[in-house]
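Quick mapping for you: the protein sequence lines, in order, are chains L and F. Mapping to numbering that gives the first Met the number 0: the first sequence position 336 is 335, numbers consecutive. Mapping to numbering that gives the first Met the number 0: the second sequence position 241 is 240, numbers consecutive.
One or more hints might be untrue.
One copy or two, either will do: identical chains are not told apart, so a pair holds if it fits within one copy or between any two.
Straight-line alpha carbon distances no greater than 30 Å define the calculated DSS-like cross-link-like pairs of lysine-lysine that follow [as the list claims (entries may be wrong)]:
#  : residue 1 : residue 2
1  : 179       : 354
2  : 284       : 350
3  : 96        : 201
4  : 284       : 354
5  : 201       : 220
6  : 308       : 96
7  : 308       : 256
8  : 354       : 220
9  : 308       : 174
10 : 284       : 174
It is worth saying that the hints were derived from the structure and are not from the lab. Note that the structure is predicted; figures quoted are calculated from it, not measured.
Residue strings, one per chain:
There are 2 protein chains.
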Amino acid sequence: MVVVIMAGGSGTRFWPVSRETLPKQFLPVCSSHPLIYDTYRRVAPLVGDENIFLVINQKHRSLVDQIFRGHRIRIIEEPERRNTAPCIGLVSLWVDKEFGDQPVAVLPSDHYIAQEGTFQKALLAGLSFAQQGGIVMLGAAPTYPETGYGYIERGEKTSSSSELPIYEAKRFVEKPSIEKARFYMTSQNFFWNTGIFVFKPKVMLSEIGLHLPELAGGLSKIADAIGSNRYRSVLEEVYSSLSPISIDYGVMERMSKKIYFIPGEYGWSDVGSWSALFRIREAEKDSCGNLVQGNAILLDTENSFVYSKNGRLIGILGLKDTLIVDTEDVLLISNLQRSEELKQFPGLLEKRGWKQSV
Amino acid sequence: MVVVIMAGGSGTRFWPVSRETLPKQFLPVCSSHPLIYDTYRRVAPLVGDENIFLVINQKHRSLVDQIFRGHRIRIIEEPERRNTAPCIGLVSLWVDKEFGDQPVAVLPSDHYIAQEGTFQKALLAGLSFAQQGGIVMLGAAPTYPETGYGYIERGEKTSSSSELPIYEAKRFVEKPSIEKARFYMTSQNFFWNTGIFVFKPKVMLSEIGLHLPELAGGLSKIADAIGSNRYRSVLEEVYSSLSPISIDYGVMERMSKKIYFIPGEYGWSDVGSWSALFRIREAEKDSCGNLVQGNAILLDTENSFVYSKNGRLIGILGLKDTLIVDTEDVLLISNLQRSEELKQFPGLLEKRGWKQSV
Numbered sequence: 000m001v002v003v004i005m006a007g008g009s010g011t012r013f014w015p016v017s018r019e020t021l022p023k024q025f026l027p028v029c030s031s032h033p034l035i036y037d038t039y040r041r042v043a044p045l046v047g048d049e050n051i052f053l054v055i056n057q058k059h060r061s062l063v064d065q066i067f068r069g070h071r072i073r074i075i076e077e078p079e080r081r082n083t084a085p086c087i088g089l090v091s092l093w094v095d096k097e098f099g100d101q102p103v104a105v106l107p108s109d110h111y112i113a114q115e116g117t118f119q120k121a122l123l124a125g126l127s128f129a130q131q132g133g134i135v136m137l138g139a140a141p142t143y144p145e146t147g148y149g150y151i152e153r154g155e156k157t158s159s160s161s162e163l164p165i166y167e168a169k170r171f172v173e174k175p176s177i178e179k180a181r182f183y184m185t186s187q188n189f190f191w192n193t194g195i196f197v198f199k200p201k202v203m204l205s206e207i208g209l210h211l212p213e214l215a216g217g218l219s220k221i222a223d224a225i226g227s228n229r230y231r232s233v234l235e236e237v238y239s240s241l242s243p244i245s246i247d248y249g250v251m252e253r254m255s256k257k258i259y260f261i262p263g264e265y266g267w268s269d270v271g272s273w274s275a276l277f278r279i280r281e282a283e284k285d286s287c288g289n290l291v292q293g294n295a296i297l298l299d300t301e302n303s304f305v306y307s308k309n310g311r312l313i314g315i316l317g318l319k320d321t322l323i324v325d326t327e328d329v330l331l332i333s334n335l336q337r338s339e340e341l342k343q344f345p346g347l348l349e350k351r352g353w354k355q356s357v
Numbered sequence: 000m001v002v003v004i005m006a007g008g009s010g011t012r013f014w015p016v017s018r019e020t021l022p023k024q025f026l027p028v029c030s031s032h033p034l035i036y037d038t039y040r041r042v043a044p045l046v047g048d049e050n051i052f053l054v055i056n057q058k059h060r061s062l063v064d065q066i067f068r069g070h071r072i073r074i075i076e077e078p079e080r081r082n083t084a085p086c087i088g089l090v091s092l093w094v095d096k097e098f099g100d101q102p103v104a105v106l107p108s109d110h111y112i113a114q115e116g117t118f119q120k121a122l123l124a125g126l127s128f129a130q131q132g133g134i135v136m137l138g139a140a141p142t143y144p145e146t147g148y149g150y151i152e153r154g155e156k157t158s159s160s161s162e163l164p165i166y167e168a169k170r171f172v173e174k175p176s177i178e179k180a181r182f183y184m185t186s187q188n189f190f191w192n193t194g195i196f197v198f199k200p201k202v203m204l205s206e207i208g209l210h211l212p213e214l215a216g217g218l219s220k221i222a223d224a225i226g227s228n229r230y231r232s233v234l235e236e237v238y239s240s241l242s243p244i245s246i247d248y249g250v251m252e253r254m255s256k257k258i259y260f261i262p263g264e265y266g267w268s269d270v271g272s273w274s275a276l277f278r279i280r281e282a283e284k285d286s287c288g289n290l291v292q293g294n295a296i297l298l299d300t301e302n303s304f305v306y307s308k309n310g311r312l313i314g315i316l317g318l319k320d321t322l323i324v325d326t327e328d329v330l331l332i333s334n335l336q337r338s339e340e341l342k343q344f345p346g347l348l349e350k351r352g353w354k355q356s357v
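Between the sequences and the hints, there should be enough to build the whole structure, so can you do that?
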């Protein structure tokens, strides 16, 4: 069994704490460890370090070496960001080369999972089921009508021998309207697509061959170079020519084979925004629903989130649903409910010639 | 003619920019000069420097010397803050001693006046009318239903020879309800009490004798010491024993003589809060009604006020009616409409042992 942790994201929705040089997965957002380390720690009891791959952007290599000092995990570098399909193709090549056609579990590096035991059992069941050649996803039972997630509709139950029920995925729905999200939640037939899934490398490579011929061509060049001293330059050349495409859109939604999923109450979140984090850290809120990390005095304020990276005093009066992020060089104040939109800032600032720092 | 500028206030409603050691009147709030200098500049064309007194707290002496370097104005130091009645009593003693019983115009140091010509004419008319022994105030025609100001109700018109109409003050009303403030505004019989007034020193001292015997006793001790080397110690002893009381409450509302006022459209504001300042600086707002002083990027934000004292980048998304004040050691975020309540902070922080700095 092999586990792959994908850490190539840019985390722009967590601006200004998350930066190009230090994106969200490398920050201690949900615990005192970086998110990527929380993710590693969650799967480490299932497999040995040598069966764990991290896929990272090459510019974060020294950061990753620092976080995983003393660990013998394998690291795959991507020369540039090309979304998840090229990343999973590359991973499939490497796993196939190193381990043969063994099931691989792929996990984003920057998610949160409250129910670790439930999650680990589901992942093991998925790895076992994927031996037969199917693709298995983890589907989280929705706990509120989230419009920012993709949903999986439940199909037939399989006759798998697994302890956990495994279902066919009938249909994928991307980011629904709030009305639909409310319906999905009550119907009990819809589950959040966690982006966590299990497959055998040859199955994935063959599906990429069917649906993404450009990527398949590139991967075959890389495959020829693996193990040779041409590898790095071939990888860079191929990546620079690839179109960015997500595995969901490029492969999963067009699969020639059935896709299965294991539903569960994982306490899962993609920690995709400040408001998602605010939701996760419910237990730390004060009696007015405020989450305060820093030296702040709040008067008559509710449902607000203060995140300060320095010791400055913050005085707050009469606010509601407000996000305040105080860093050395940037101060951010936003409607907390609209924190998804913060991803606009880094690009906007770049256009205005603002130089990022960490 | 003598003009007295009172600069003993603490400016707590302008926290965190205004501090104990650097209150509002010493800050460049409405122009590039400190408010107290704007106030001086507004009366300087009417009288010579040697006829202008500043009443300040002694701890601000070096600050004042710096601001008025090269000017030959007179400075009266108060050892501690005791509200306006003791201050005006002390001023009356000094003016009477230096100039005899000449009319004195008293002005708070931290107000804003847009219509300087109108204001100067009214002040001259008041000084001339006060020669006859009356007390004359400036009453500003309300431009919106402010609940934080005191109002003067218009009585009979005098038969003064002044070019400007002068009225008896029929009644004073302190901070009205919003309903009453709306009525006052439309009735055209009510005017804002600007706190600017003119009187002869002996008239004021005699009224203090009638209504504030404790203060009168203290003033008589100070009067005996003026010019002697006991002055400073007597002043300190007397001040430490005085109760703080405002001239409005202690004298004006109980006057044995008639009080008069000169109504006018002065474009006056007491600049008493961040929201008052926001109102004054209308012309500087962007098309969404935002007033931005600093390096800020505002997305989908309206009627908000950003005041930054440092160069930090401020990102703002989806806010409304919000005040953001960014200083070196304190960050403040408040509902702009409730900025009057910010005066709570300095006391609250003092209780918590926070050490102010500037």
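Hints, verified against the model:
1. In the homo-oligomer, the alpha carbons of residue 179 and residue 354 never lie at most 30 Å apart, since the shortest distance is 41 Å inside one protomer and 53 Å across protomers.
2. Taking identical chains as interchangeable, the C-alpha atoms of residue 284 and residue 350 lie at most 30 Å apart only when they sit on different chains, with a minimum of 24 Å there against 37 Å within one chain.
3. Proximity of residue 96 and residue 201 under a CA criterion of 30 Å is satisfied intra-copy only: 11 Å inside one chain copy versus 103 Å between copies.
4. Only between protomers do residue 284 and residue 354 lie at most 30 Å apart by alpha-carbon distance; the minimum there is 27 Å, versus 34 Å within a single protomer.
5. When the C-alpha separation of residue 201 and residue 220 is checked against a cutoff of 30 Å, the pair qualifies only within one copy, where the shortest distance is 16 Å, while the shortest distance between copies is 101 Å.
6. When the C-alpha separation of residue 308 and residue 96 is checked against a cutoff of 30 Å, the pair qualifies neither within a copy, at 43 Å, nor between copies, at 59 Å.
7. Taking the closest pair of Cα atoms, residue 308 and residue 256 never come within 30 Å of each other, the shortest separation being 48 Å inside a single copy and 61 Å across copies.
8. In this assembly of identical chains, the alpha carbons of residue 354 and residue 220 never lie at most 30 Å apart, being 37 Å within a copy and 65 Å across copies at closest.
9. With identical chains, the CA atoms of residue 308 and residue 174 are never at most 30 Å apart, being 32 Å at best within one copy and 42 Å at best between copies.
10. In this assembly of identical chains, the alpha carbons of residue 284 and residue 174 lie at most 30 Å apart only when taken from the same copy (28 Å versus 38 Å across copies).
When the structure is compared with the earlier hints, violations turn up for hints 1, 6, 7, 8, 9 and for no others.
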